[in-house]
Amino acid sequence: MKKTVVKQRLLIRLMKMTLYQFVLALVFSTVTMANSLGQGKLDTKVTISISDMNLNKALSELGKSADVKFSYNSRMVAFDQKVSVEATNEVLSTVLSRVLKPLNITYTLVSNQIVLQKAKSNEAPGVSAVEQQQKVLTGVVVDANGLSLPGASVLVKGTTNSTSTDMDGKFSIRVDDAAKILVISFIGFDTVEIPVANKTDFKITLKESSQSLEEVVVIGYGTVKKSDLTGAVTRVSAEELNDRPVSNAMEALQGKAAGVDITTSERPGTLGTVRIRGRRSLDATSDPLYVVDGVPLLSSSAIETLNPRDIESIDVLKDASATAIYGSRGANGVIIVTTKQGKSGRFNLNYSATLTTTNIVDRSPSMSAADFIQFKRWAAYNSSMLDPNSFQYAHPDSPTYASDFQLFASGLDVNATRDNVLKGWESGTWDPSKVTNTNWTDFVTRTGIMNEHVISGSGGSEKVNSYVSFGYLSNKGTQRGQDYSRYTTKLTTNITPVDWFKLNASLNISWSEQDFGMSTLGGRSGSVPNAIYGAAKSIFNMAVPYDADGNLIINPGGENGIYTIMDEWKKSTQLSQTMRALGNISATIEIGKIWEPLKGLSYKFNFGPDFRHWREGVYIDGTSSHRINSNGTPGRNFARLRNERDFSWTLDNMIVYDRTFSKHKVGATIVQSASSWDEEFSSLAASNIAKPSFLWNALGDIDLTNANNGASMSSGIIQRQIYSYLGRFNYGFDDRYLLTVSGRYDAVSQLSEGYKWDFFPSAALAWRLDQEEFIKNTDWINNLKLRLGFGTVGNSAIDPYDTKGNIRNLNLPFNGISNQVGYTTNEPYYTGDLTPMANPALGWEKTTQYNLGVDFGFLKNRISGSIEFYRSFTNDLILNTALPTLTGYDRTIANIGKTSNKGVEVTLNFTPIQTESGFTWESSLNAAWQKDKIEGLAYGKNDMVQDTRFIGQQISVRYGFDNLGLWQDTPEDQAEMALWKANGYNFTPGNVRPKDQNGDYDMTIEDRTIIGNSDPNWTMGWSNTFNYKGFELSALLYGRMGYTASLGGEALTGTSNQRQVDYWTPDNPNAEFQKPLLGQASAGSRDPYSGLLGFTKASFVKIRNISLGYNFPKEYTSAIGLANLKIYAQAVNPGSIYQSVDWYDFDTNSTIFNRSFVMGIEVGF
356 MKKTVVKQRL
366 LIRLMKMTLY
376 QFVLALVFST
386 VTMANSLGQG
396 KLDTKVTISI
406 SDMNLNKALS
416 ELGKSADVKF
426 SYNSRMVAFD
436 QKVSVEATNE
446 VLSTVLSRVL
456 KPLNITYTLV
466 SNQIVLQKAK
476 SNEAPGVSAV
486 EQQQKVLTGV
496 VVDANGLSLP
506 GASVLVKGTT
516 NSTSTDMDGK
526 FSIRVDDAAK
536 ILVISFIGFD
546 TVEIPVANKT
556 DFKITLKESS
566 QSLEEVVVIG
576 YGTVKKSDLT
586 GAVTRVSAEE
596 LNDRPVSNAM
606 EALQGKAAGV
616 DITTSERPGT
626 LGTVRIRGRR
636 SLDATSDPLY
646 VVDGVPLLSS
656 SAIETLNPRD
666 IESIDVLKDA
676 SATAIYGSRG
686 ANGVIIVTTK
696 QGKSGRFNLN
706 YSATLTTTNI
716 VDRSPSMSAA
726 DFIQFKRWAA
736 YNSSMLDPNS
746 FQYAHPDSPT
756 YASDFQLFAS
766 GLDVNATRDN
776 VLKGWESGTW
786 DPSKVTNTNW
796 TDFVTRTGIM
806 NEHVISGSGG
816 SEKVNSYVSF
826 GYLSNKGTQR
836 GQDYSRYTTK
846 LTTNITPVDW
856 FKLNASLNIS
866 WSEQDFGMST
876 LGGRSGSVPN
886 AIYGAAKSIF
896 NMAVPYDADG
906 NLIINPGGEN
916 GIYTIMDEWK
926 KSTQLSQTMR
936 ALGNISATIE
946 IGKIWEPLKG
956 LSYKFNFGPD
966 FRHWREGVYI
976 DGTSSHRINS
986 NGTPGRNFAR
996 LRNERDFSWT
1006 LDNMIVYDRT
1016 FSKHKVGATI
1026 VQSASSWDEE
1036 FSSLAASNIA
1046 KPSFLWNALG
1056 DIDLTNANNG
1066 ASMSSGIIQR
1076 QIYSYLGRFN
1086 YGFDDRYLLT
1096 VSGRYDAVSQ
1106 LSEGYKWDFF
1116 PSAALAWRLD
1126 QEEFIKNTDW
1136 INNLKLRLGF
1146 GTVGNSAIDP
1156 YDTKGNIRNL
1166 NLPFNGISNQ
1176 VGYTTNEPYY
1186 TGDLTPMANP
1196 ALGWEKTTQY
1206 NLGVDFGFLK
1216 NRISGSIEFY
1226 RSFTNDLILN
1236 TALPTLTGYD
1246 RTIANIGKTS
1256 NKGVEVTLNF
1266 TPIQTESGFT
1276 WESSLNAAWQ
1286 KDKIEGLAYG
1296 KNDMVQDTRF
1306 IGQQISVRYG
1316 FDNLGLWQDT
1326 PEDQAEMALW
1336 KANGYNFTPG
1346 NVRPKDQNGD
1356 YDMTIEDRTI
1366 IGNSDPNWTM
1376 GWSNTFNYKG
1386 FELSALLYGR
1396 MGYTASLGGE
1406 ALTGTSNQRQ
1416 VDYWTPDNPN
1426 AEFQKPLLGQ
1436 ASAGSRDPYS
1446 GLLGFTKASF
1456 VKIRNISLGY
1466 NFPKEYTSAI
1476 GLANLKIYAQ
1486 AVNPGSIYQS
1496 VDWYDFDTNS
1506 TIFNRSFVMG
1516 IEVGF
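Note that the sequence shown covers residues 356 to 1520 in my numbering.
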């Protein structure tokens, strides 16, 4: 208890210190920003025409044009003098010099005002006191085609004095007379140095870089030039992330990075699964580590709340030499998200908006009413052939009114349904057109609408600059009741008061609200789909929603567990609300700029707090079909409220050294890091809510002693900490030979004493062959680098207290309610039930990985990319293992078993067409193959059959009985069925034929086999972009291949609505599925092996999106006062190139997916 209090006091003191730092940073930024903005007034561009005008009036006109105020003493400055000046888009300081110098007047900048005074004898008139020893350089920066380059950096070499070119590529910068060289740089172009000499006007042409190797890649605890990279890292830029509208950044990453497999969720606001280089663990998580602006996150939930348009780039660290710097959390790869920061220069304002309309597409529509009636007749007929005592029914080729009356008359609330079926007999002969067909899914679907608006701005000086954004997203899903909305704001301020000190403060705040729609929590028992679309699809199309009197039918089809969905989204809801604040404060002191002998040495402090409050309410009204009584009267309503509050923080102290000595480049990073996570949660649920209009907000009124109220409650707290020391050393010789060595020493709180600490090393080598003399002068080779790396990383995905076993509740009945009165230990002799055994020796799961990579660029990088080969071995698997009952325990968590993984990744970027007229075709293809294997399991066992784990096989396999198709009415099959019948198997033509592996005509465990693997061996993405004179056409393909899906087969029992399938009949023997059998038939007559037809080979290549956009020319946007303007339209999920199964969408793992059309606009001011 004392330690807890001390820890809380320490945390409070740390938070206070952080708050003080943040407030001081904001105050300092405000003061410095005011000064920098004042200095920026002199750089304001003005256009003015004055001829023979009084100075007083001329200054008034000039003040309006430049938005400045002039202050002066009329007794010291004569304003009746006449002046003339012509200026077009010139900086204010230049215009002032031309106006004031002839009048012997100087000026001084004070805050946001320009103070005029008569020039002293030792002052040059027409310039400020600061500018007397300065001059103004102007110019324009263009590319090889003469096109302007907006945003190019212009720097006075040896100083921090810099500016950026405007939208026309023009610049103006005041420099000291001693300035000798201007350094001009722009991303994707070679940096040039221009001598100043006596020139004041420049036209500078930049050449497109023959290599893009100067791109900076974010790695753990630092950045590195792409040319110096030794690990396997893939970068995705903001432009690539924003090429289609998404609600979270991981959706945008899909198909963009080799070896990164991301599935899709069609529910608004929900993230799919993310896997980097497949699986390595059996029971531990395979989720990657997410890092936002240097702050590691406990889960991916923060990524869902980030606005994708606030993201500058995403770097994916894939091999162990890159991820080992994150030690115990790097086993499954690392995704580093870098958000946008402030930039120096004028304040740029950007606005983007998208409108998306979405419709649900069902690859597997249901049978119509007439088709289902015929299907059910066949089911009844087939059942009667197997069990004459159950049904006596004529062949469906000759149905009768009486037989249909018998077949469709049973069940609850089905009179209206039966009457609807019998309408087909009104003319005396069967006429299916007279039967009403109810498409139940029409009641629960709608056109989804997603609106997104983002406004952002960036600007400032070299000393103080900021980035701010506000975003709003509203997504009404295609299924009624499913809605998602999100508000985001981001503020970042960078402060550099002196050249050796930098301060950065950023804050991301989001509020999101997600309504899952219909909820079945606390509802009736039975197999009930969670999504309202699935619930609607399970109701017979021959059923009708209301009876003849207009009353709602609870069981429209008469089947237990299948209830009406009419207005269910109004009668039940599951609403979650999340508030998240993710911050970061960092300070960098460049010690080498304070004391020259320590050049290259710096210290960095980084603190990242993360706060999350999640609240979920569930309410199901008594009139809901899941609570209403069978006689139609309202049942007991149900409500539940859950709360979670998480607070985590990461504190890093870093010392960085980076220095170049002749041909030797040396770098070192040493870090001390600490992280803490605290989670509190509570839950309260009950029935018979007295104030239903309050939903879940009046649970405090529940009488807990009344058993009819079904009240339950729980609460808890979870804490975990990580403490680490880590280091990295980089060495490069002559830009040819590169070495990176790193190590991390981690300790985690969830492990027991003696097992908390472990070390995770890595090393990597790279050889830049393109810098060797025997290749350097080869024109067609622009980049060729060989990389080799290895490392060991950990997986500490162990829940807190797992090493302790469980403390069990001790419950005793009181007044009809089971009440918890205490706890018992998990020692078996204290309890009557088997319990998990504690394991204080539980340790790390470790993965050692080897990586060989080749980076290349040919023909002036018209062809570029990389090839990666990797192999990994994971030992000491964290495995939930069953124990013999004689031990007194049922299971334990232990470090046992090992797996391996291998794979190949290819990334290929090429420009097939690039013409002088401006037409370009750029293409990027990535593909990955991986295969994992179980190398060993628990306690010397060969296999763990009950867990479908087998040594020598892949981690996630499909295991069960295989099939040989369907039995047919042939002499050969009849003879085989007779042999089976001798062992009690009553197979008939049209049944599923299981595969007898050992030939004994008996299906036992010995006949089970491995049917396939549930994870894809291949993933791919292929993007193509075509540009011509502002028009841009792009398309993205995405695919997964080489795995086996389990689709559950088709029961074909007629107990729920049936999708359209090709089922067996005597006249259709070559069908895909077995013959139907009524679910009401005796157990012996149902096909026990129908599920075997659910296994299928799965592969798909789909068109993820097609986009057409137009960027308006600069001359048009400038004329209307805009920096840039783009409009575009997109089709999302417009179709598929290939599907191994046409009725199922393997991307969403469902029969349904969403197809969208998008219109968007991007405006820059």
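Note that these hints are calculated values from the structure, not bench results. Misleading hints may appear alongside valid ones.
[Said to hold, decoys possible] BS3-like, lysine-lysine: derived pairs with alpha carbons at most 30 Å apart: (1) Lys1469 - Lys562; (2) Lys535 - Lys831; (3) Lys580 - Lys1018; (4) Lys1018 - Lys512; (5) Lys1286 - Lys695; (6) Lys1046 - Lys925; (7) Lys857 - Lys818; (8) Lys562 - Lys535; (9) Lys1257 - Lys698; (10) Lys562 - Lys490; (11) Lys1046 - Lys580; (12) Lys512 - Lys857; (13) Lys925 - Lys525; (14) Lys925 - Lys490; (15) Lys698 - Lys419; (16) Lys1350 - Lys581; (17) Lys581 - Lys419; (18) Lys954 - Lys857; (19) Lys580 - Lys535; (20) Lys1159 - Lys1131; (21) Lys1131 - Lys525; (22) Lys925 - Lys1111; (23) Lys1384 - Lys1215; (24) Lys698 - Lys1452; (25) Lys831 - Lys424; (26) Lys1288 - Lys1350; (27) Lys818 - Lys580; (28) Lys535 - Lys490; (29) Lys925 - Lys581; (30) Lys581 - Lys554; (31) Lys925 - Lys1018; (32) Lys412 - Lys831; (33) Lys512 - Lys580; (34) Lys558 - Lys698; (35) Lys1336 - Lys695; (36) Lys400 - Lys698; (37) Lys948 - Lys1020; (38) Lys525 - Lys490.
Small disclaimer: the values here were computed from a predicted structure and weren't measured.
- Query: Given the hint that Lys925 pairs with Lys490, does the C-alpha gap stay at or below 30 Å?
  - Reply: With a Cα-Cα distance of about 72 Å, the restraint between Lys925 and Lys490 is violated, given a limit of 30 Å.
- Message: Tell me if the straight-line CA distance from Lys925 to Lys1111 falls inside 30 Å.
- Response: violated, 51 Å
- Regarding the pair Lys581 and Lys554, is the alpha-carbon distance no greater than 30 Å? violated, 36 Å
- Item | Pair hint outcome, Lys1336 versus Lys695 [Cα-Cα no greater than 30 Å] | violated, 71 Å
- Message: Lys925 and Lys1018 were given as a pair; does the straight-line alpha-carbon distance stay at or below 30 Å?
- Response: violated, 72 Å
- Query: Is the straight-line distance between the alpha-carbon of Lys698 and that of Lys419 30 Å or less?
  - Reply: Holds, because 27 Å separates the two Cα atoms, which is no more than 30 Å.
- Message: Next pair to validate is Lys580 with Lys1018; report whether the Cα-Cα distance is within 30 Å.
- Response: Measuring from Cα to Cα gives roughly 17 Å; hence the hint holds.
- Item | Hint consistency between Lys580 and Lys535 [alpha-carbon to alpha-carbon, up to 30 Å] | Roughly 28 Å between the alpha carbons, so the hint for Lys580 and Lys535 holds.
- Restraint check for Lys1018 with Lys512, where alpha carbons must lie at most 30 Å apart: Holds, at roughly 22 Å.
- 30 Å Cα cutoff - pair Lys581, Lys419: Violated, at roughly 48 Å.
- Item | Proposed proximity, Lys535 with Lys562 (alpha carbon, max 30 Å) | With a Cα-Cα distance of about 22 Å, the restraint between Lys562 and Lys535 holds, given a limit of 30 Å.
- Item | Pair hint Lys1159 and Lys1131, alpha-carbon separation not exceeding 30 Å | Not satisfied, since the Cα-Cα distance of roughly 61 Å exceeds 30 Å.
When held up to the earlier numbered hints, the structure conflicts with 2, 5, 9, 11, 13, 14, 16, 17, 20, 21, 22, 24, 25, 29, 30, 31, 32 and 35 and fits the remainder.
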